[in-house]
Amino acid sequence: MAADLTSIKLNPDSHVLLDQPLLRLPHELVKRNFRNTQRYVERERDQILPSLKDTANAALSSSQTPEETLASLDAMIQRMQTFKRKIDKLHAEEETLHEHSAKRIRHLQELYEIPSLADVKYDDWARTRLDRLMVDYLLRSGYSKTASSLAETKQISHLIDLDTFVTCHRIASSLNRGETKDALAWIAENKNSLKKLITAPYKCTNLEFELRLQQYIELVRAGTIPKKLEARMYAQQHLTPHASSRPDAIMQAAGLLAQEPNTEAEPYRGLFAPSRWRHLSNLFIETHHTLLSLPVQPLLHAALSAGLSALKTPACHSAYNPASSSTPGHARIATNTSLCPICSMELNDLARNVPYAHHTTSFVESDPVVLPNGRIYGRERLEELQRKLAMSGLGGGEGGIHDLQIGKEGEVRDPTTGESFTWEQVKKVYIM
Amino acid sequence: MEAIQKEHDKVWNSCKQSKTTRHVDDIIVALQKARDAIAEDPTSRQVTLAKLQNPVKTMFDGIFSGLRDTHGLHNKYTRALDKVFKDKVPSNEIDTLSSHPTLINRAIYLHLLREGLFDVASTFHSEAVEKQQSQQETATNLDLDVPMEHPLGLDKSSEANMQEQFSNMYHILSELKDNHNLQPAIDWARKNAAALEARGSNLEFELCRLHFVSLFLDRRDEDQSDFDAPMRALQYAQSEFQSFRGRYLVEIQQLMGAIPFSSNLSESPYNTRFNHSTAWEEVASSFIREFCSLLELSADSPLYVAATAGAIALPTLLKLQTIQKQKRTEWTSQNELPVETPLPPSYRFHSIFVCPVSKEQTTDQNPPMMLPCCHVIAQESLQRLSKGAKFKCPYCPIESHPREAKRVFI
Ligand SMILES: [Zn+2]
Ligand SMILES: [Zn+2]
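These protein sequences, in sequence, are chains P and X.
For the first sequence, the positions run 1 to 432 when full-length UniProt numbering is used.
For the second sequence, the positions run 1 to 410 when full-length UniProt numbering is used.
Fair warning: there could be bad hints in the mix.
To be verified - If we take Cβ atoms under 8 Å as the criterion, some of the chain X residues that face chain P in the derived model are:
#1 Cys15
#2 Gly62
#3 Ser65
#4 Met169
#5 Leu173
#6 Met231
#7 Leu234
#8 Val305
#9 Ala306
#10 Ile312
No wet-lab data here; the hints were simulated from the structure.
Positions of the beta carbon are idealized from the N, C-alpha and C atoms, including for glycine.
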C-alpha cells in the first residue's frame, strides 16, 4: 500500500517539464518585441537628434530660410508620427503576449492545487494537456486547420501558439518548394535575435550561410554566361566573407563553377541535389525552434515514448497474448478486464520498438491459481466470470446462479482463451 | 510557480505603465509647438530651436531608461522560469517515434473519433490527404521520393467502419446521457447479445433495470394517482423482463417488491436500488466499455493513457538520460528500461512476473516455468539450477526433474 501512495504522488515541479514551452515561447516573443522596440528607438534618436541640431545650426548661420526650417521640422514630426504608430503596434502585441502568459501561468497553477494523480481534477487537467500536445504535434506537422479546429472545440486557444507555427510552416514549405525568399526575409526580420545563436568563429548562422550557398548553387545551375557571372558576384558579396570560418564550403563552392549540374562527382553532386531543399527546410525549422526556445521534436513524441515504455510489458507483443493486436488472428475473447492500451490496436505497432518497463517485483492477482492450460489468474477473477456467465445463462448449472456454488462446482472459463475446465482441475500456484 | 507569477505580474505591470508612448507623444508635442512658434514668428527660430535641443534629448533618455528597467524585469522573469524549468524539454535523444508519423497520425485520428470529435477528425482526414497530394506534387517537381501510404495509416474499410462505429456509439451515448433515453442502447445490446454474453456482460439487464427504475420514478402531470408511474414500470417489466426471468430472478423480485412502497420509497428497504444518483453515469461507462471491447479496443483512449503515463514517467527517465549521457549509453536502444517508472495502480493492465531467482522479467524467449511443487521460476533460471538433472526447488525441499516443469502464462 505504501508503494501505491508514492505512485499516486503528484510532484508538480517535475510534472510541468512538458509545459515549459507554454511560458518560454511567449517570453521569447516578448523579448524579440523588446529588441525591436529598442532598435527602433535607437534609430529614431540617431536620426532626430542630429537633424534637430543641423536645423538649429542652419538657422543660426542663416543658411536655411524660415520656410526650410519649417519644412525640416515638419519632416521630423511626420517621422515621429510613423515611429509612434510602430511603437503602439509593438506595445499592443506585447500586451497580448503578457495576457496569454498570465492565462497560461494560471493554467499551470491549477496543477499545483491538485492533491494527487488519483484525483479527478488531475484527469481533467491531463486531458487538456493531451489536447495541447496534439495541437502542438498537428501544428508542427503542418495540419493547422485540424489544430485550430481542435483548439476551438476544446476552448484552449489561449494555450496554443497557432501564429508562430503557421509562419514557421509556411516558410519551411516554401523552402521545400525550392524558394529562398521567405526564409531570407525571416532572417532579416530576426537579425538581432539570431545573433545569440552565432558562435565564433562563424559570422552568421548555419541557416543563413546555407541559404546563401543555395542561391549561389541555383545561379550556377542556370548555367548561362551571365548567370555564372552573377554567381561570381554573388559569391564575392555573400560567401567570400566566410572564407576563414568555413573554408571547406567556400572551396567547394568555388569548384562548383567548373561543374555541370548532372555531375556524378562528389561533393558537387550533393550540392546540386534537390534533396538539399529538404535539408534547408529542416535546418530552418531547427533554427526557428531553437531561437524561440521550442523543442525541436513535438512534445507528444517525448510524452508518448516515455509513456509507451512505462506501460509496456513483455506480454504486450507476446505471441501467447490473444488480447494483443499483434497476435496473429487474435480472437475476440471473453475477458472481463479492460484492455491494455499498448495491446490495443491504436498503439501496438508504435510501441513495438520501445523498451518495456522495468519491474523488480512480481505483481499478480491475489490468490493465484493455474488452469490445466498453464494460464494463471487470481481465483476471484475466475469466480467473478463464472458468476456473470451463470447469470447470463451460459455455463454453470441450468437452474441459473442460485443453485450453484461458485468457485467449487460447475464450469471454470479461461478469461483469455475462452476454454472451459472444471474446478477440480484448478490448482493453487505460488508466486514468490 | 508562485515566483513565476510574481515576476510575470511585474513585467506585465511595467508594460501596462510603459512611458515609451508618452515620451514619444511629448517629443511630437514639443516639435509641433516649436514649429507653431516659428510659423508665428520666424525671427524666433534660432532661440526656439536652441531651446528645443535638450528637452528632446532628455525625452529620448527617458525612453531608454524605461527600456532598461523593462530589460531588468525580463531577466528576473527569465530567472524565475529557469528555476522551475531546470531541465530542457527532452528532445530527439528520447524520441523513438519520429520515424513513424503515420502511426502517430492514426493514433490521433482514432483518438478524435473515440472522443466523439467527428468534425475535427474529418478536418484532419481531408487536411492530411491534401497535404500528401501537395507534397507529392512538390516531390515530383524536385524529383524526390515520397511515401505513398495513406497519411493516416488507414485502409478504406477500417476507416469507414471506425467512423461509423464511433458515431453510432456517440449517438447512443448522447441519447442515454442527454435525453435519458435508453432505447438505442438496449437495441444495441440486444443486437450484440451473443458477443456480450460470451464476455459475461450483464449490460442488457443493467439497461433494462435502469429503464424500469426511471419509469418508476417518472411522475407525470396527467397522473391520477401516485401509483400510475409504478404501474407503467410494471407494464414494462411484464413485457420486457420475460427473457431475464431465469437468470435475474432475485433482482427482478426486488424491483417488483418496491411497487407497494412507491409512495414512501425513501424509507423503504428498496431505497438504494432506486435512489442512485450515479446510475446514469455508471450505465454509460459500462456501455462504453462493452462497446469498445466488442471492437477490440480499450475502454479509455490509449493515446490519453500513454501520454499521461509518459508525463508521469518522464522526470525519472530524464534523470536517467542525463546520467547515461555521461556514460554514452542510450536507454532507447535496450529491451527494457534500466530504472523503475512507477505508475498509479490504474495504469496496470497485465500481471508482472519477475523471476525470484534471476530477478528478471519473463518473456516469450525466457518464459515462466512451474515446478511440480507449484513454485514458478524463469526458464533460464531453471536451466542454470538444474543443469539438466534432478534438482531441489530453491523455495521448498521438493526435488524434481526439469522436464517435469510446465510452461505457464502469467
Ligand atoms: Zn499490453
Ligand atoms: Zn517448490
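For each hint, the structure was consulted:
{"no.": "1", "hint": "Cys15", "in the structure": "holds, 5 Å"}
{"no.": "2", "hint": "Gly62", "in the structure": "violated, 11 Å"}
{"no.": "3", "hint": "Ser65", "in the structure": "violated, 11 Å"}
{"no.": "4", "hint": "Met169", "in the structure": "violated, 15 Å"}
{"no.": "5", "hint": "Leu173", "in the structure": "violated, 17 Å"}
{"no.": "6", "hint": "Met231", "in the structure": "violated, 28 Å"}
{"no.": "7", "hint": "Leu234", "in the structure": "violated, 23 Å"}
{"no.": "8", "hint": "Val305", "in the structure": "holds, 4 Å"}
{"no.": "9", "hint": "Ala306", "in the structure": "holds, 4 Å"}
{"no.": "10", "hint": "Ile312", "in the structure": "holds, 7 Å"}
Checked against the numbered hints listed earlier, the structure breaks hints 2, 3, 4, 5, 6, 7; every other hint is satisfied.
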